[in-house]
Structures are given as C-alpha cells and as structure tokens.
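Throw the hints in and build the complete structure from the sequences for me.
Protein chains: 2
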Amino acid sequence: MATVTTQNLIIETAIKLFNEHGTKAVSTNRIADVCSISRGLLHYHFKNKEDIIQTIFSRIDQEMDNDWYDDHKHPNIKYARFMFERQIELILRYSFFYRELYPLLRKDEKLKTHFRLSRKKRETEVRSFFDELIRAGLMVQPKAPASLDSLLRISWLISDQWLLHLELTGVEADATSIREGFSLIYQGFEPFFTPEALAEYQASLTVSG
Amino acid sequence: MATVTTQNLIIETAIKLFNEHGTKAVSTNRIADVCSISRGLLHYHFKNKEDIIQTIFSRIDQEMDNDWYDDHKHPNIKYARFMFERQIELILRYSFFYRELYPLLRKDEKLKTHFRLSRKKRETEVRSFFDELIRAGLMVQPKAPASLDSLLRISWLISDQWLLHLELTGVEADATSIREGFSLIYQGFEPFFTPEALAEYQASLTVSG
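From first to last, the protein sequence lines are chains U and V. In terms of my numbering, the numbers along the first sequence are unbroken and rise by one, the last being 380. In terms of my numbering, the numbers along the second sequence are unbroken and rise by one, the last being 380.
No false leads were mixed into what you were given.
Put simply, identical chains are the same to the list, so a pair is met inside one copy or across any two.
Okay, derived cross-link-like pairs now, PhoX-like style, lysine-lysine, Cα gap no bigger than 20 Å in a straight line:
{"hint": "1", "residue 1": "K281", "residue 2": "K220"}
{"hint": "2", "residue 1": "K220", "residue 2": "K187"}
{"hint": "3", "residue 1": "K220", "residue 2": "K195"}
In case anyone wonders, no lab produced these hints; they're calculated from the structure.
Take a look at the structure:
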C-alpha cells in the first residue's frame, strides 16, 4: 500500500472505532488489527493514539477551512441555518471528538492549542457572516441585554453541545430534533432581523421546507 | 474506622483525585493507597470504579434535592441568579463529572438512567420557579419565537457547559466570567420580565452587587 493510502486507512478506521467505542476503549493495536496491517507499520505512521487524534483534528480543521471561508458571501437567514446544519453533520461524522472534547483537550496541550487557534478562526468567520448581514440591512446591531458577541457565544454553546444534549436527554438525533437546535439559536437573533430578511426567510421555508 | 467514615473517606478522596486527574487516570488501587486503606477494604465498600462514580452522583443528586425543593418559594430575578451560581458551584465541586459527563453516561446504563431521572426532577423544579414568577406577575408568558421551554433548554445548556466553555476558550473561572454565564441566560428572559420585576432586580444589584 502507498503511504498516503495507509495513513488514510488508519485514520478512517480510527474515526470509526472511536465513534463506536470511545477513544479509551480503542488501542492502537486494535486499530492496526482492524486495518489488517502490522503494529509496526501503524507506528511508522503514528507515534501513538494522541498522534492519531491530533491528525483527525487537523482533518476536521481542514474541512472547516474548506467550507467556511466564503460563508460571508451568502448573508441571509436560510444560509445561517445551512451553516448550523453543516456543523452538526461535521460533529456527527467526528462524534467521538466532540463527545470527549474536554477530557481530550485537557490531557493534550498540543491538541488544545490547535483547537483554540482553529476556534478563533471560526469565530472570526462567523462574525464576518453576521457583520455582512448587518451591512446588507438584513439585521440591526443587537442591543442590550443582548449583543452580537453574546448571541454568537450562545450559538457556539448550542452548536457544540446540541447532539450531546439530545443524547443526554434520550432524544434521537433526526432532522426534527437537529432543526430544534437551530430554532434555539434563531430565537436569540430573531428580534434583530429586519422585516425584509424575515419575509425572505419565510418565503424560502415555504418553497423548500 | 467506622463503616460510614471509611465510605466517606473513599468518596471524598475519589472526588479529589478524579477532579485533578480525570477518572481514566485514577484506579481504585490508587484511591485505596491515598486513603491509606487496604485494597480489600475499598472493595468491601465499592465493587469497582463505576460503583464509586454512581455513589458520587447519588451524592450530587442528594445535594440538589436538599437545595432545590423550595426554590419556587422565592420567585424573583435575583434568586434566579443565585440558583445559577449555586449550580456552577456544585459543578466546580464535582468538575470531573460534568467534564466527562457524556463518556461517563455512555458507558454506564445505570448511571445514565439515574442522571435522566434526576434531570427530570430538576427540570420540574426550575419550571415551577418560573411558573411562580409568572403567577406573581413578575414575568409574562414568553411568546414566539421564544417559549418558556426553549428558554429553559438554553439555560440548561449554558449551566451544564459554562465552566467547560470557559476552560475551552482559556478563560479563568472567576466571579466575573461565571456571572457572564448568567447574563447569557438573562438576556433570553429579559424581554419577558415585567417593569416591576426589573426595577426590583436593579435595586437589589445596587445594594449588594
């Protein structure tokens, strides 16, 4: 097998096993066994489990880099919903990472540094999107007790935790329950959307649900 | 040592070690060693680590039972802030549990069942508090796009995750950053508080910060 193919196989297999069993229960030896490669070959590519998890996060970050960079070019409410659902789908693909987020970052300084840098980038991108909404006259600057910062912070909390919250309360993650997460974010922003933006959004819902 | 004293010593020690190192890194043997008791004596009291964690959660649940049962008798905004801060203090005392919440519940059905039952009780109690606020004329029934249910759901997400969110973003958990968590919850409810309730709240802030 070519090197890149082997690396990919290891990463794909690790994601699958971690999602199913959690990182604690899955050893690098088990990953090698499921890949049908020798343990030595796995360790040629990845020093240890932390190394594998760091590589998986680099992939997550790369996916977000690819997807998010021009979000601000689509300033409308329907696109905001798309952004939320895209993020939920990403979290579903890498569910182990978000489920174990705090313990993972806590025990790996390198991962924590990378995560925080990535989050700063993401925050800037989301903020640009809302700045554009305001510039386009589709939203007014939120006023006290809310602020754009506080609304965005709540949005992050909900996006990060929504699937876990569903799991915790025993609700299945389906289209309806996922959309409810967006509606929680939406209700904070709604008072600041202009009638024009709301009319456009309502029309888009009638067309495509 | 009397049985209850030994059990307490084990539980107190486990909480301290789990908070410092996470549950994964702390074995029952280490807990016994730090307690200066034999491993046999520990296992006489607790079958395994899961058993210890279940007992710790029973203690958390008991603390909430003791604290929350008459919250609805104090329907005012300042008391709502107290309720939030009390919950944050509890999460600080048992930080490992909330940090590892999802992995812990995922691998222990008994703990998950207990947690969900406890949460249902808590949700009922918090709802009673807000029903009393409305009955006392200090709050009006939230209207679309918000609802009392959705505001409470956001409150739970923020309460559960606020300390972890601070940790994630590298902000120290002090009085100021903790109070910011409450202000995020507050901003959702604020449009539905009556002028009377807001005036009373503002006055209470002037008196005691």
